[in-house]
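Sequences listed follow chains E and F, in order.
Using this note's numbering, read the first sequence as starting at 1 and increasing by one per residue.
Using this note's numbering, read the second sequence as starting at 1 and increasing by one per residue.
Please note that the accuracy of each hint is not assured.
Not the full set, but computed from the structure, chain E residues with beta-carbon under 10 Å of chain F [unchecked claim]:
{"#": "1", "residue": "205"}
{"#": "2", "residue": "217"}
{"#": "3", "residue": "251"}
Derived pair list, reagent style SDA-like, types lysine to any residue, alpha-carbon separation capped at 20 Å [as the list claims (entries may be wrong)]:
{"#": "4", "chain 1": "E", "residue 1": "156", "chain 2": "E", "residue 2": "129"}
{"#": "5", "chain 1": "E", "residue 1": "71", "chain 2": "E", "residue 2": "238"}
{"#": "6", "chain 1": "E", "residue 1": "96", "chain 2": "F", "residue 2": "13"}
{"#": "7", "chain 1": "E", "residue 1": "152", "chain 2": "E", "residue 2": "175"}
{"#": "8", "chain 1": "E", "residue 1": "152", "chain 2": "E", "residue 2": "180"}
{"#": "9", "chain 1": "F", "residue 1": "7", "chain 2": "F", "residue 2": "24"}
{"#": "10", "chain 1": "E", "residue 1": "96", "chain 2": "F", "residue 2": "93"}
{"#": "11", "chain 1": "F", "residue 1": "98", "chain 2": "E", "residue 2": "225"}
{"#": "12", "chain 1": "F", "residue 1": "98", "chain 2": "E", "residue 2": "175"}
{"#": "13", "chain 1": "E", "residue 1": "96", "chain 2": "F", "residue 2": "25"}
{"#": "14", "chain 1": "F", "residue 1": "170", "chain 2": "F", "residue 2": "84"}
{"#": "15", "chain 1": "F", "residue 1": "98", "chain 2": "E", "residue 2": "71"}
{"#": "16", "chain 1": "E", "residue 1": "171", "chain 2": "E", "residue 2": "187"}
{"#": "17", "chain 1": "F", "residue 1": "128", "chain 2": "E", "residue 2": "224"}
{"#": "18", "chain 1": "E", "residue 1": "96", "chain 2": "F", "residue 2": "14"}
{"#": "19", "chain 1": "F", "residue 1": "155", "chain 2": "F", "residue 2": "93"}
{"#": "20", "chain 1": "F", "residue 1": "98", "chain 2": "E", "residue 2": "155"}
{"#": "21", "chain 1": "F", "residue 1": "98", "chain 2": "E", "residue 2": "17"}
{"#": "22", "chain 1": "E", "residue 1": "96", "chain 2": "F", "residue 2": "238"}
No lab work stands behind these hints: they were computed from the structure.
We treat Cβ as the ideally placed atom computed from N, Cα and C, and that holds for glycine.
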Amino acid sequence: MKVNENNWQRFLAVIPIAVFLVSWEYLAKYQIINAHLFPQPTQIIRSLATLYSKGQPENSELLMHISATLKRLLLSFTFGVIGGILVGCLMSINQKFHSFLNPIISLFMPIPGMALAPLVIVWLGFGDPTIIFLGAISVFFPVVFNTIAGIKSINKQLIRAGQIMGLSQIKIATQIYFPWALVHILNGVRIGLARGWMTIVAVEFIAASNWGIGYMIWNAAEYLRADVVYGGILVLIILYFAIERITIRNLENKTVVRWGLLSQKNG
Amino acid sequence: MNNNSAKATLQSILQTIYPFLVIGVIWEVSVQLNWMPSSNLSSPSIILQRFIDVAFMDGILWKHFLSSFTRLVIGFSLASVLGLITGALLSMQPLLNKMFEPVINLLVSVPTIAWVPVLLITMGLGDKTVITTIFLGSYFVIVYNTMRGIEIVDKNIINAAHSMGVHGTKLFAKVLIPASFLSILTGLRLGLGYAWRALVGGEMLSAMIQWGVGKMIFQARFWNDTATMIVGILIIGFSVILIDQVMINYIEKITVYRWGMVNQVEESNLE
């Protein structure tokens, strides 16, 4: 019964996508819509395959683009998360530090990474340093913000209970503060990942040299290769889903969900 | 009493401003003493001078700002209205929900900026592309939050409304929307943030656009004009904060706070 229902749901979910893709395919095939602007989905897949096989086996073009983007994401993510948690902890420990940095963070947090790009290009030039720097900034702000919120939201009773049971300061920090704040921190990390991802792809449009999915899409758009543009977007969607699943979901399930701090949504 | 609160306001303003003053002074001094090359980073005094130039002498800043703002308003209002309607429809019709929820989840995760090349190809290099980008940037997140908000409305409230003879549109307007307004507001707030991102990105990448804060920053790059860039960046920062704080907080105050849906912790602490 349950299985049937799940299958039914899956079937319903596939309908709109399938209808959309099939009608796109045939509308483009019979030139009812402009096939240069809206190439057939099969054509999109085919050109992705061509990109993949170009330069095989060592330097498959598609894989080079993907790995360039992933490398940038990994570096900016690491810098952003570590920096964000450090600054967040410092700001929650020291009130002076907090009142000094808080206005600055509030002003700069909503500024899109893309807006900073021209300025950073002047400093760091085109290519990896600029992209990684802007990506790291985009990851940094949500992490800081949520780390502070997490540490602030801790239930004081837990700390008192810990003190009564004779925990040392360090143990209170690692065994009470850290797990409690982790729910918030992970939330910040997830927002940071999404933002960093967006910023990296966006900045690759204007500041990448030669490699990167953003660069691939932008370059294709300049040559009116719509099939590669759509293919690139498809790659972006798949990559993001995979990254989110592998990193954050996994981390959450191993920590906060297992500790019972967060009930798992929808199984 | 009044005096006290004025003093408190002044103090909080000072507290907000002093970090900027400290950094500004350090920055100015280090540029003046040539510790930092001024070609890479104009000193605050030059930035201020540039701000006065573009804002008051020739006034092009406002022209840039106004065209950005117009795009934002058009794109964002379209997204809010259509997003609310779509979200409501999806949450009220189980069949539609099952069919389209996965699609929405999928599309939420596409970086908005990735739409820009597609739109540039299909819709041209002008305003239409930027407005559509803003729309796409904010639409899905508004749909998503409206949907979630209506789904978690207490079933007892709906049953109570039904038994009092409230159905259809009236149920929707008088019960479901107010009951889910907190979540809807979250969606609108997130959507507005995404809309700004989309606006700046779209303006930078659309070649046929002449006016707009994003364009102003982008064009300054050709002359390595860091002062203008920083003026633009700060304008964006301040406008986002202003819109978010003033407009959405105001809406929050006259709706969910007044309806007692949020505990007014901060305000009750002040009293």
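These are the hints, each one checked on the structure:
A distance limit of 10 Å between C-beta atoms decides the matter here; for residue 205 of chain E the minimum to chain F is near 6 Å, and the interface restraint holds. Because the beta carbon of residue 217 of chain E sits about 5 Å from the nearest beta carbon in chain F, less than 10 Å, this interface hint is met. This hint is violated: residue 251 of chain E has a C-beta 18 Å from the nearest C-beta of chain F, more than the 10 Å allowed. With a CA separation close to 43 Å, the supplied pair residue 156 of chain E and residue 129 of chain E exceeds the 20 Å bound.
For the hint pairing residue 71 of chain E with residue 238 of chain E, the CA-to-CA distance comes to about 17 Å; that is within 20 Å, so the pair holds. Between residue 96 of chain E and residue 13 of chain F the CA atoms are separated by roughly 16 Å; this keeps the pair inside 20 Å, and the hint holds. For a cut-off of 20 Å, the pair hint linking residue 152 of chain E to residue 175 of chain E stands: about 16 Å separates their Cα positions. A distance of roughly 10 Å separates the Cα atoms of residue 152 of chain E and residue 180 of chain E; the hinted pair therefore holds under the 20 Å criterion.
Under the criterion of a C-alpha separation no larger than 20 Å, the hint pairing residue 7 of chain F with residue 24 of chain F is inconsistent with the structure, at around 25 Å. For the proposed pair residue 96 of chain E and residue 93 of chain F, the alpha carbon gap of about 53 Å is over 20 Å, so the pair is violated. For the given pair, residue 98 of chain F sits about 34 Å from residue 225 of chain E by alpha-carbon distance, which is inconsistent with the 20 Å threshold. About 42 Å separates the Cα atoms of residue 98 of chain F and residue 175 of chain E, which puts this hinted pair outside 20 Å; it is violated.
Proximity of residue 96 of chain E to residue 25 of chain F is assessed by CA-CA distance (about 19 Å); at most 20 Å being required, the pair is judged to hold. Among the hinted pairs, residue 170 of chain F with residue 84 of chain F is consistent with the structure: their alpha-carbon atoms are about 16 Å apart, no more than 20 Å. For the proposed pair residue 98 of chain F and residue 71 of chain E, the alpha carbon gap of about 37 Å is over 20 Å, so the pair is violated. Annotation: proposed proximity of residue 171 of chain E to residue 187 of chain E is violated, straight-line Cα distance about 24 Å (limit 20 Å).
Of the supplied pair hints, the one linking residue 128 of chain F and residue 224 of chain E holds, its CA atoms being roughly 18 Å apart against a limit of 20 Å. A threshold of 20 Å between alpha carbons decides the hint, and for residue 96 of chain E with residue 14 of chain F the separation of about 14 Å falls inside it, so the pair holds. Only pairs whose Cα atoms come within 20 Å are accepted, and residue 155 of chain F paired with residue 93 of chain F is accepted, the gap being roughly 15 Å. With a C-alpha separation of about 39 Å, the suggested pairing of residue 98 of chain F with residue 155 of chain E is violated against the 20 Å cut-off.
Taking the CA atoms of residue 98 of chain F and residue 17 of chain E, the gap is near 12 Å; set against the 20 Å cutoff, the hint holds. Annotation: proposed proximity of residue 96 of chain E to residue 238 of chain F is violated, straight-line Cα distance about 24 Å (limit 20 Å).
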